[in-house]
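Peer 1: Residue numbers (UniProt numbering), protein chains in the order written: chain S, 1 to 142; chain B, 1 to 651; chain G, 1 to 183.
Derived by calculation from the structure, the hints in this document are not laboratory data. Be aware that one or more of the hints could be misleading.
[Said to hold, decoys possible] When the alpha-carbon atoms are kept at most 25 Å apart in a straight line, the in silico SDA-like pairs for lysine to any residue are as follows:
1. K416/B to F114/S
2. K155/G to E94/S
3. K107/S to P391/B
4. K32/S to Q596/B
5. K107/S to A377/B
6. K381/B to F114/S
7. K381/B to E94/S
8. K107/S to Q183/G
9. K177/G to E94/S
10. K107/S to A40/G
11. K381/B to K155/G
Just so it is clear, the structure is predicted and the values come from calculations on it, not from any experiment.
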Amino acid sequence: MRILLALLFALLALAQPATAQDLLPPAPYAYKQLEDPALEAKAQRLMETLRCLKCQSQAISDSDAPMAGDMRHQVRTRIAAGEDPEAIRAWLVERYGDYVSYAPQNKPIMWPLFAAPLVILLLAALLLRGRFRRAGIKGDGQ
Amino acid sequence: MIAELGLAVLWMAAALAVLQLFAGVVALRPGGAAMTGLVRPLAVMQGALVAVSFASLITLFLETDLSVKLVAENSHSMKPVIFKLAGTWGNHEGSMLLWITIMAVSGGIVALVEKRLREDTLIATLAGQAFVSLGFYAFLLLSSNPFERLPEPAPEGAGLNPLLQDIGLAFHPPTLYVGYVGLSVAFSFAIGALVTRDVGPAFARAMRPWVLGAWIFLTVGITAGSYWAYYTLGWGGWWFWDPVENASLMPWLAATALLHSASVLASRNALRAWTVMLGVIAFSMSMIGTFLVRSGILTSVHAFAVDPERGSFILALLAIYIGGALALFGLRASTVTEGERFSLFSREASLVFNNVMLCGTLGIVLLGTLYPLLTEAFGTKVSVGPPYFNPVSAIFVLPMMAVMCVGPLLRWRKDKPGRITATVAIPALLFALVLLAVVVFAPAIRVLPMLGIAIGAGLAVGSWLPLRGRNLRRTPLSVYGMVVAHFGIGVALLGAASESAFSTERLAAMNVGDTQTVGPITIKLLNIEPVAGPNWTALEATVSAAYKDGAPVTLHPQARTFSSPPGERTESALHTRWNGQLYAVLGNEGEDGRWQMRFWWKPFVPLLWLGGLLVALGGVLSLIGRVAHDVKRLRAEGKIAWRKTRMEQVK
Amino acid sequence: MSEPEPKRSRIAIWLPLALFGAFFALVIWGLVRPADREVASAFIGKPLPQFALDAATDGQPGLSTADFKVGKPKLLNVFASWCVPCAIESPQLDALAKQGVEIDGVAIRDRKEDVARFLATNGNPFQRIGKDDLSEVQLGIGSSGVPETFVIDGKGVIRYQHLGEIRPEDMDLILRKLQEAGQ
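Taking the hints into account, I'd like the entire structure generated from these sequences.
Peer 2: Have a look at this one:
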């Protein structure tokens, strides 16, 4: 049920971004790729990791919200102008905070998240260490 | 009358659940033996009554009885029968009744058929099941009565949202639901075994079919949900690491780990405490998932669907059942010995590796999902998305898949590496060759898809190796099940990695008559015209698509507009070939009269969902094999017992 | 099982319950915290970016960064004619304008005739209105929706952001923030 509702509302959010729709055509590069496939690929990779601020749980590369279109236009024109993708990300983070980036930023508050896989593996090793060694000795004895 | 009947039997079932709990607790105390015989019949009756109650609700929906509030709010007399039926569980109250129905009916079946488990453990299990159901009975009867009447019958139903009138959406949620609730049976078995300190192979064998069944439903549900998101959201994505998706993935990961550790416990009497722990965790994940989605606690578009009050109720149940079970585990675990030991190089060890990696993935998904909430507690808003989940889960998942080629070849207890070196060389060599080929021919793709393709190819072949040298006719069905499921994982990985590595995208503004290319496909926009459906109108594009120089096929992507309630939705058109899928979307009309079209060519992407279905098929084969085996054994035991009594009579 | 079991660590046994407790505490906090689904600008305290927008409607000048470096705090209202809450807040903006507050507007993704109609219907508290068809200024100042109102001090530095429509009860806060920005 909740999946159902959730998906439904994901749809509704796509269709109606909170308020009424504007009538302006989308920004030039909202639905248009860059000529250079290498630059477009660069832009695409960045857009997949930027959060649509209007729809809140989608990347700007997956959204029909006009503001996501404007953000795609920003990204594509800046990439075309030779700007580095991470510089564009930093530009947005400066304005919207870390929230705008799906890629976790290298800041102390995110360190536990990056440490988590190591902690999990260490914990598993710690729990299992004694067992295998003993088992090995016993196994050899038989 | 049907509504009153449904409510009355629901109350009676709740009363029986109280009795079942009470009888169970007394029976387990010294001197309570008199109650022992009561528990099983109570469980069966409870299941039967709830089934009657659920059948009443279905009847009300099929008849569109508009004097019932729930029906009036969620149905409509003109709706197709199939959606009237789906309307039964397509709302909060109905879905809670479905939850309790699955739970009680499963409890009844356990009471009827389970003969291997020690009697006191079974009674503890059924009492546990009654205890868990009671929380949901309370939820249902006290705050969300599905049978409530309206003072005046409504003239007409409010109807089901047209967006929900999609056959996929009608059956995808209850499928996941059955999986969620099925894990409650495993939970009850774990509680029962902890209470009577009877954690052994019999417990694992009794629990296994239920875990397997729930796991099959979860697998199908997730696969279908992913495909549904893929074809309706209109941007070609199939997994977004959204909290809602993670909520369905976490129980699956836990159930998969449980399935494997239960097989170690059943076959080798090892990993006892760990298996019990997983039984608790698997159901916890179902409830945590339910809570996360319903409470709307995480920032997401899904925040609309929530009711914080219901969220709090689920949280309270979570605290009682999961907190209680974990406390019980803490108290009892030290008395549960770990069981048989094994060498570092054995089937058991490979399954332990599998469990560590699955639980690692689970931990990462859970932490990543909750992390934004955690940082918000410290005053910072962050997002955790694919750039975190993809590589970090790969740390756990890819090595696990490599071990999947080796583990099933190993012997229990202790094995020698030399015995299987030659066999393992096949997938290892394939892995190396594919990796080399990808590096040489497609050096531009990212590392993860590259590894994914190589490991997927290795696993797709390596998964069949356990059948090597076996008599194929005598091989148990459950072995085939394992092989097919592992093969499915390899196939799905290939599909996912290929999609990520080789997809090409074409966004184009087109006039009628224009031609575009995407990957190897040439597309021509032939026509755009309005069409009307039963409750929507749409603009429909007619597009011809030709693969290389082949004959063109025709596709009809639509942009649909719904009137009540108003909404828009893109209906993408798919063309599936053996080597990939074309995905076409019709967007808006631009200022200059050209149409915004979006096309993707996604090589081998159907393998993703095909793999998911194969995994589920493997589960089905395994379940049939196990159940058939159990039935055979029960019959044989019955015959022996019958002969014994005959012999004694003759004497 | 001839060999005695290794003593399992107490900590490991209670770890799951501890983790569950942590989870529980976290979500309880999450449930009681005030709902906060807005994305606040991280650009408070920073100078406005360079921009020069064309006029959003005939008869009123466009808007550029220089218009804010006039030594006196101003309001920058981000709005659109197609946004319902923007109409709701217009009486409050009018009241502020009457009290002598200078308000400049940025119209997001809007057409000239629609802006004109909106102003005719809801009143026109603006001195200047810039036309932001690509949401460039909106993105430049970290605004994530309409309406939003920014307090800009006399040097062109963003001092405060008000998310959503200004309701009558928000007036005091806005005036206080303007006063603080003027000091």
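Peer 1: Look at each hint and say if it fits the structure.
Peer 2: For each hint, the structure was consulted:
1. For the suggested pair K416/B and F114/S, the alpha carbons sit about 37 Å apart, so the restraint of at most 25 Å is broken.
2. For the proposed pair K155/G and E94/S, the alpha carbon gap of about 20 Å is at most 25 Å, so the pair holds.
3. For the proposed pair K107/S and P391/B, the alpha carbon gap of about 18 Å is at most 25 Å, so the pair holds.
4. Between K32/S and Q596/B the CA atoms are separated by roughly 9 Å; this keeps the pair inside 25 Å, and the hint holds.
5. For a cut-off of 25 Å, the pair hint linking K107/S to A377/B stands: about 16 Å separates their Cα positions.
6. Only pairs whose Cα atoms come within 25 Å are accepted, and K381/B paired with F114/S is accepted, the gap being roughly 17 Å.
7. With a CA separation close to 13 Å, the supplied pair K381/B and E94/S stays within the 25 Å bound.
8. Annotation: proposed proximity of K107/S to Q183/G is violated, straight-line Cα distance about 34 Å (limit 25 Å).
9. With a CA separation close to 23 Å, the supplied pair K177/G and E94/S stays within the 25 Å bound.
10. Restraint check for K107/S and A40/G: the C-alpha separation of about 19 Å stays at or below 25 Å, so the hint holds.
11. For the hint linking K381/B to K155/G, the alpha-carbon distance of about 29 Å lies beyond 25 Å, and the restraint is violated.
Consistency note: the structure conflicts with the earlier hints numbered 1, 8, 11.
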